[in-house]
Structure formats: C-alpha cells, structure tokens
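**Q** Below are the chains, spelled out letter by letter.
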Amino acid sequence: MPDLQAAPILSVKNLRKSFSGKTVVDDVSFDVYPGEIVALVGENGAGKSTTKNMLCGLLQPSSGEIFVAGAPVTQIKGLEHGISAVHQELSLFQSLSVAENMCITDLPGAKANVDWKQADRVAQEQLDFLGIEIDTKASVESLGAGKQQVVEIAKALLHADKLLILDEPTTSLTAPEREKLFVIMDRLREKGVAIIFISHFMDEVYRMSDKFIVLRDGKQVGNGYLKNVPRSKLEEMMVGRTIAESSIDIGIPTDVEAVRVQSLSSYDFHDVSFKVNKGEILGIAGLMGAGRTEVVESLFGIRKSEGEIYIHGQRVNKVSIAAMKKLGLCYVTEDRRGKGLFGIRPVKENISAADILRFVSRRIKGFGFRGESVEAQKIVKKMNVAIPHIDSQVNNLSGGNQQKVMLGRWLATQPNICILDEPTKGVDIGAKFDIHNMIAALAKSGVAVIIVSSDLPELLEVSHRITIMRTGHMVGEFQRDQFDSVKIISLAASSAFEQAH
Amino acid sequence: MDRFKQTFSSKKWLAIALATLALGIALSLVSTAFLTFSNIQSVLVQASVTAIMAVGMTFIILTGGIDISMGAILFFTSSLFAKIMVETGSYSMAFTAAIGCACLLGAVNGLLVVRFKIIPLITTLATYTMYRGMAIHLTGAQNIPVPREMGFLGNGKLMGIPVPILLLAIVFVLGLYLLNKTRFGLYVKAIGNSEQSARETNLPVNWVTILVYVIGGLTTGIAALILLARVGGLQSGIGIGIEFTVIAAVVLGGTKLSGGSGTIVGSVIGAVFLVLIDNGLNLLNASPYIYDIVKGVVLLAAVIIDKVSFERQAKHLLEQKALRIKSTSGVA
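Same order as they appear, the protein sequences are chains S and F. Here my numbering is used: position 289 in the first sequence is 305, and no number is missing along the way. Here my numbering is used: position 242 in the second sequence is 266, and no number is missing along the way.
Simulated from the structure, these hints should not be mistaken for laboratory data. Don't take every hint at face value.
[As the list claims (entries may be wrong)] If you want the ones that stay clear, here's a sample from chain F, every Cβ over 10 Å from chain S, calculated:
no., residue
1, Ala50
2, Val54
3, Val69
4, Thr163
5, Arg172
6, Leu200
7, Asn217
8, Leu235
[Unchecked claim] The calculated DSS-like cross-link candidates involving lysine-lysine, where the alpha carbons are at most 25 Å apart (straight line), are:
no., chain 1, residue 1, chain 2, residue 2
9, F, Lys36, S, Lys133
10, F, Lys280, S, Lys196
11, S, Lys320, F, Lys345
12, F, Lys331, S, Lys320
13, F, Lys339, S, Lys334
14, F, Lys181, S, Lys320
15, F, Lys205, S, Lys127
16, S, Lys320, F, Lys350
17, F, Lys205, S, Lys133
18, F, Lys345, S, Lys196
19, F, Lys36, S, Lys153
20, S, Lys153, F, Lys107
21, S, Lys291, F, Lys350
Note that beta-carbon positions come from the ideal geometry of N, C-alpha and C, so glycine has one too.
Please build the complete structure, drawing on both the sequences and the hints.
**A** Below, the structure is given as structure tokens:
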C-alpha cells in the first residue's frame with residue numbers, strides 16, 4: 017500500500033521541455049509516493065517518451081521544479097537518486113548470461129579476477145526478491161521475452177531501487193508472462209518501490225495503478241486517483257474530442273470493388289479479410305505490433321502469406337511486388353529512411369525510381385534517361401515539395417518534404433490502389449495538411465486507398481471506414497457516420513486478458 | 025535429446041572438436057603413419073603459428089571487429105627482428121623491438137578503428153598495405169638469415185615438449201584467463217553483442233577495442249618469432265595471407281563473425297583442424313594443388329551449416345508466434 021506519511025520519492029512541478037524553441041512537453045506536475053504505481057497514459061506523440069526521459073535523467077528539463085525525497089534538484093541522476101527505467105527496447109547483451117548482464121556495471125571481485133560465484137549470488141538474490149525462477153547462468157537469448165523483461169527489471173533495481181519506470185512492458189509478452197510481470201509489480205509495491213507505468217492497455221492501467229497522469233499534445237490534461245475516474249472519462253481525456261469534425265471533403269466511394277482480401281494469414285496475423293472499393297479510403301487502426309504493417313506488406317507481396325487476394329475482382333495467384341505493381345498497386349512504407357528513400361541520391365532519382373523504365377531512353381537502346389527531370393519537376397510542383405532544386409540530396413530535406421517525395425514517387429506510377437503506411441509520421445502540421453488533401457484528391461479521382469496509421473485523429477479525418485487490428489486479428493469496423501474515437505481506442509487497446517474475462 | 029541439443033548449441037566449439045576427432049579417427053584408419061607420437065606432435069607444431077594468432081583474432085572478432093593486417097604485422101615484425109639481429113647481434117634488443125612493435129602496430133589499428141569509426145575491415149586493409157610496404161622498405165625485399173640458435177624457438181624442445189607447443193599452451197591459458205576471468209573479457213563479449221548498449225551502459229568501449237587489437241598484434245608478434253625460427257630466416261613476403269587461415273580457424277571454431285559469441289578453445293581446435301586436413305591430404309599423397317580447394321570447401325560447409333541451423337531456429341520462433349496469434353481469439 018502506498019505510504020502517504022513519507023515524503024514523496026519524486027515530485028515534479030510544471031516540468032517543461034522544448035527543443036530548439038518548440039515545446040514538446042509542458043505543465044507536467046505530480047507526486048510519487050513509496051509503494052505507488054502511477055500510470056502515464058496518452059496517445060502516440062503525446063509526449064510520454066520525452067517525459068519518461070526527463071524522469072529517468074536522460075534529458076534535462078527546460079524549466080520546472082524537481083524534488084527528490086523532498087530536496088530540490090535541477091536534473092535527475094538515475095543512480096544517485098534511485099530512479100531507473102526499463103525502456104521498450106531491451107538493452108540486454110543477448111549472448112551473455114543472466115548474471116553477467118545484471119552485474120556488468122558493477123562486477124564483484126578484482127578487475128583481473130572477477131568473482132563469478134558472487135555475481136551469481138547477487139543475481140540470484142535479486143531474482144529471488146522478485147520471486148522469479150531464472151537460471152542465472154543461462155544466456156539471455158535462450159530466455160523468452162517475458163523472462164528477458166524480468167531480467168531487465170532485476171538489473172535496473174539492482175542499482176536504483178526507489179522508483180522504477182516501465183515503458184510499455186507488456187507489448188511483447190504472452191498472457192501468462194504478463195500475469196507474472198503483474199505479480200512482480202505487486203511485490204515491488206509491497207516492498208515500497210514506486211513504479212511509473214507507461215501503457216497503452218487501459219485494462220492493465222486500471223488493474224495495476226493507483227494514480228494516473230494523462231498527456232495530450234505535450235500537455236498534462238489530468239491526474240489523480242484512478243478509482244475516482246471511469247475508463248471512458250480517461251479515454252476521453254486522452255483523445256480530447258469524442259467525434260471528429262472533418263474539414264476535408266473526401267468524396268463518396270463507388271460501389272465497384274478494387275481490392276479484396278480473404279482469410280489472409282501469416283506468422284504475424286491470422287484470418288484477415290477486408291475489401292476496399294474504388295474511391296474509398298479504408299483506415300487501419302491499432303497499436304504498434306498489432307500486425308497492420310505486416311498485413312499491407314503481405315498485400316503488396318513484400319511478405320509471404322496464405323489466403324486469397326482479389327484485385328478488380330480477379331484472383332491474384334502469384335503475389336509478388338512486380339505483379340502487384342503491374343496491377344496498379346503502390347505501397348508507401350512507414351520507414352522512409354530505412355526502406356523508402358535513397359538518402360544520398362537526388363530528389364529527381366528518388367521520384368523516378370518506382371517507374372524508371374518509363375524514362376530509359378530508346379534512341380540508343382537502354383542507354384541514358386529522357387524526360388526524368390521534367391517529370392520530377394512536375395511532381396515536385398504538384399506535391400508542393402519545398403526544395404531548392406530537384407538535384408538536392410534527399411537526406412537534406414525535412415521529414416515532410418521527404419514524405420512528399422516518397423508519395424510523389426509512387427503517384428508517378430499512376431496507381432489505382434494506394435497503400436499508405438503511416439503517411440504523416442514525423443512530418444510537420446503543414447505537410448500533414450497537404451498530404452491529407454492529396455489523399456482526399458486521390459480518392460475522389462477513383463483510387464482505392466488503404467491507410468495504416470497510429471494517429472487516430474488522422475484516420476478519423478480522412479477515412480470512409482476504419483477497421484481495427486489487435487494482436488494479428490481484425491477486431492472491429494466502423495463506418496464514417498459511426499466513428500467513435502473512444503470506442504476505437506478501447507477496441508484496439510483491450511488485451512487478450514480482457515477478452516478472457 | 026533436448027538437453028543434448030542445448031549443450032551443443034551453447035558450446036559451439038564442441039562441433040569443431042567432434043569434427044576434428046572424427047577426422048583424426050578417419051585418418052588413423054586410412055594411414056598407420058597418422059597415429060604416431062611424432063606425427064601428432066608435428067601437427068601441433070605446424071598448427072602453433074596460426075593457433076596463437078587465432079587466440080588474438082578471437083578477441084578481435086568477439087568485439088565485432090576483424091584484423092586483416094595480421095599477416096603484414098607478422099611480415100614487418102620478423103623483418104625488424106632479422107634486421108636488428110644482423111646489425112647488432114643483440115637478442116634482447118631484437119626481441120623487445122619485435123614484440124613491442126607488434127603491439128604498437130596492433131594499437132595503431134585499434135586507435136584508427138576507435139577514433140575514426142571506419143569499419144575494421146577497411147581500416148586494417150589500409151594498414152595491411154602500409155605495414156607490408158614498411159617491411160619491404162626496411163629490408164629492401166631481401167632474404168635475411170637468422171642465427172642458428174634461433175632455431176630453438178621453432179624446433180627445440182624444453183622438458184621433451186617442442187617449444188612452439190609450449191608457447192601455444194601459454195598463450196592459450198592466458199587467453200582463456202583473460203576472456204573468462206576478467207572484466208575485460210566480459211566487456212569484449214558485451215561490445216560484440218551491441219556496441220550501442222555497451223556505450224549506454226558506460227563500459228570503456230574505446231579502451232577495450234584498442235586493447236583487443238593490441239592483443240592481436242602481440243599474438244602475431246609471438247607467432248612471427250616462431251615462424252622465423254622454423255623457416256630459418258626472413259623470406260620476403262613471409263606471413264602474407266596467413267590472416268585468412270587464422271580467420272578460417274576462428275570461424276570453424278564457432279565464433280560468430282558479427283561478434284559477441286565464441287570461444288578460444290574453438291579457435292585453437294579450428295587451427296589444428298585445418299592442419300589435420302593438410303596432414304591427411306599429405307598422408308593420402310594428394311596433389312598439393314587441391315589442399316586449398318578442400319579447405320575452402322570445408323570452411324564454406326561450416327558456414328552454411330551454421331546459417332541453416334540459425335534459420336531453422338528463427339523459423340521455429342516465427343511459427344511459435346503464429347500459433348500464439350492463432351490461439352488468441354479475434355472476437356471482440
């Protein structure tokens with residue numbers, strides 16, 4: 017039980033962080049007492065990561081006050097103040113043993129003669145404290161995701177055991193693994209360790225936490241005791257508005273089928289079916305790791321899958337990127353730097369890349385390019401890309417302009433089915449607006465559009481229909497006139513546990 | 025069976041040990057000359073040069089690096105040794121200079137890798153060319169004989185054991201100790217797992233990286249003296265290309281080229297295995313021209329087997345994931 021007699025372990029007031037003049041997080045104020053679990057919730061991009069990084073000492077706040085055990089400090093020093101964080105990407109050394117991983121920063125014995133027995137003992141004691149059985153000599157790579165998570169927590173607590181920050185600890189866990197994690201969290205609570213629990217899953221938040229902090233668009237919009245606040249209220253705080261008021265005209269879809277997917281399955285998803293008509297925009301909502309990208313990549317032939325795919329009513333027997341391109345599909349990846357753009361090549365070449373054969377000069381067979389610059393120039397203008405020259409290196413452009421270049425590349429192929437994965441990830445407001453208008457224009461010209469996005473307001477704004485994926489399944493669908501962001505979030509974020517009850 | 029599989033995968037050097045044993049048994053069945061004390065001894069002596077260097081190379085590869093300048097370091101170190109011997113006749117000076125210089129050249133590799141963050145393959149390709157050039161410049165590409173007593177290092181015996189084998193044993197034990205008993209050893213493996221995590225954990229990544237290249241240089245220096253003694257004098261181009269045999273030994277021994285996992289035992293057995301192939305082909309009176317072909321095929325086979333088993337594991341994981349997804353109901 018939280019010990020309210022004691023001074024708060026950590027107390028922050030009006031914490032603010034800005035990067036080069038732009039405020040990312042503002043007005044964060046709360047107290048954490050020993051033995052308390054505080055949920056930090058908010059949509060993607062609400063500022064949770066920045067807040068987390070300030071709380072574990074990776075970032076220095078731009079302004080605001082911090083008190084550790086009642087004493088004012090300017091920046092948190094994790095080790096010194098007993099605050100540690102387990103980040104979403106685990107940082108364990110895979111081929112080393114559990115004990116080696118846990119003790120690596122503070123090995124017992126002499127430098128030239130490490131006392132491995134002692135290291136094993138220290139690790140074992142810590143794991144016993146958490147009440148989990150793991151062989152300290154086993155290599156980390158031989159453990160499942162759940163146990164790796166526990167080792168990471170044990171390692172963090174070894175050096176800083178007052179406040180633990182857990183960032184989305186359950187996303188890669190199975191249901192039983194999750195239960196074990198919760199048992200550990202309860203145990204820590206009993207021992208007086210405080211936890212800041214960052215999670216997308218509302219049922220987990222309600223099950224585990226005493227208090228909550230809600231962030232929206234970088235601002236703290238609510239905090240307090242969870243038991244006084246119903247779930248719908250909390251979700252409303254996160255989303256900010258219940259029904260999207262769209263300002264963009266996305267036209268009316270036809271009733272001619274463009275693409276239909278039937279019982280598509282792979283390693284990452286199971287029995288997925290949907291269809292999209294010409295002129296229709298289908299939004300696919302869901303959390304990270306729900307299998308959305310895997311589904312659309314399978315549709316475009318990047319990944320292997322089983323099931324039936326129909327394009328314009330015709331079954332596609334051999335799904336490959338080449339076949340899909342020929343049928344008029346295009347796919348714009350969410351990872352523009354890693355998978356999309358050729359960073360050190362000029363804009364011109366990045367635009368012509370998907371349709372390069374069109375420009376190969378025929379005068380001397382297969383030699384030289386014609387019309388590439390002219391076409392690129394046209395697209396740059398059409399897409400409203402702000403660049404000095406079409407020979408500029410793509411790496412030097414802003415995120416928004418890079419995204420437009422990538423979209424432009426695929427629109428140059430004149431697709432009739434367009435798959436966009438996170439089309440506005442990391443772009444500024446202006447570019448976002450441009451891209452939304454362009455998507456609407458595409459639909460109005462009769463193109464079928466599929467959008468995968470973690471930005472729910474975006475989907476509410478530009479989709480005719482939203483389907484929701486969760487852990488590899490399609491779990492619900494809404495027509496535009498029934499859009500309800502709270503319901504959608506709650507569908508996407510319920511976990512397997514909740515279904516079982 | 026599962027238990028057996030587990031030991032087998034966690035101790036990857038067992039594979040090369042078994043292969044070496046199998047090859048040994050096969051050879052002793054084919055030829056009575058194989059399983060004699062003197063033949064076994066000569067196999068080990070032949071393997072000593074590459075095996076000693078393989079110990080150093082294991083440290084480097086464990087951090088995710090590689091050193092292809094080792095042959096050139098060997099060439100330069102022996103040149104320096106021979107040159108000093110000829111000009112001064114002082115053993116102490118020649119030994120100190122040779123070993124010191126080998127460490128220094130290794131340190132230069134390490135410093136370049138750490139300071140400029142160029143991938144080790146390119147860095148050491150450049151220094152390989154440089155060191156080889158320095159050696160030729162130093163000796164004028166001449167062959168220089170070394171004094172006869174020097175032969176003790178290559179062919180002499182101490183307490184009935186050939187000196188190269190003794191030296192290998194010392195390097196082997198020190199290497200084992202360094203890798204398994206010290207902080208440094210753990211840091212080496214950690215860096216190979218993820219340099220970024222190692223930096224975030226505040227490990228002395230730069231120092232450790234420089235040090236593994238120094239160890240590579242040191243083992244090469246020791247190997248250079250043995251080789252020089254065995255050959256009886258400096259021959260121009262001595263040691264050039266040996267790094268690929270060394271890398272082959274390390275890879276056969278189960279060390280991952282991407283770093284993070286591997287053993288010194290495996291690398292040393294790998295070196296012995298490669299000599300056994302030579303030895304076997306020799307006993308079989310095979311044409312000397314096919315030796316390299318056979319060794320190349322063996323190396324390729326080892327890498328392919330490793331890759332296939334890795335892919336099978338990855339596929340198994342994916343199938344488990346698919347099952348998990350299938351088992352959670354999709355109904356809201």
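**Q** Are the hints correct? Go through all of them and say.
**A** Each hint, compared with the structure:
With a cut of 10 Å on Cβ distances, Ala50/F stays outside the contact zone with chain S, its closest approach being about 33 Å. Against chain S, the non-interface label of Val54/F holds: every CB pair exceeds 10 Å, the least being about 38 Å. The beta carbon of Val69/F is kept farther than 10 Å from every beta carbon of chain S, the shortest such distance being approximately 31 Å. Distance to chain S confirms Thr163/F as a non-interface residue, since its nearest Cβ pair spans about 39 Å, more than 10 Å.
With a least CB separation of 39 Å from chain S, Arg172/F remains clear of the 10 Å interface cut-off, as annotated. Non-interface call for Leu200/F relative to chain S: holds, since the shortest CB-CB distance, roughly 13 Å, exceeds 10 Å. With a closest Cβ-Cβ approach of about 4 Å to chain S, Asn217/F is found to fall inside the 10 Å limit, against its non-interface label. No Cβ of chain S comes within 10 Å of the Cβ of Leu235/F; the nearest lies about 13 Å off, and the non-interface call holds.
A threshold of 25 Å between alpha carbons decides the hint, and for Lys36/F with Lys133/S the separation of about 23 Å falls inside it, so the pair holds. Between Lys280/F and Lys196/S the alpha-carbon distance is near 34 Å, which puts this suggested pair outside the 25 Å criterion. At roughly 15 Å between alpha-carbon atoms, Lys320/S and Lys345/F fall within 25 Å of each other, so this suggested pair holds. Note on Lys331/F and Lys320/S: the hinted pairing holds, with a Cα-Cα distance of about 21 Å set against a maximum of 25 Å.
Distance restraint check for Lys339/F and Lys334/S: the Cα-Cα separation of roughly 22 Å lies within the 25 Å cut-off, and the hinted pair is therefore satisfied. Straight-line distance between C-alpha atoms of Lys181/F and Lys320/S comes to about 63 Å, which puts the hinted pair past the 25 Å bound. This hinted pair checks out: Lys205/F and Lys127/S have alpha carbons roughly 9 Å apart, not beyond 25 Å. Straight-line distance between C-alpha atoms of Lys320/S and Lys350/F comes to about 17 Å, which keeps the hinted pair within the 25 Å bound.
Of the pairs offered as hints, the one joining Lys205/F and Lys133/S holds, with about 11 Å between alpha carbons and a cut-off of 25 Å not exceeded. A distance of roughly 19 Å separates the Cα atoms of Lys345/F and Lys196/S; the hinted pair therefore holds under the 25 Å criterion. A threshold of 25 Å between alpha carbons decides the hint, and for Lys36/F with Lys153/S the separation of about 16 Å falls inside it, so the pair holds. Of the supplied pair hints, the one linking Lys153/S and Lys107/F is violated, its CA atoms being roughly 51 Å apart against a limit of 25 Å.
Among the hinted pairs, Lys291/S with Lys350/F is consistent with the structure: their alpha-carbon atoms are about 22 Å apart, no more than 25 Å.
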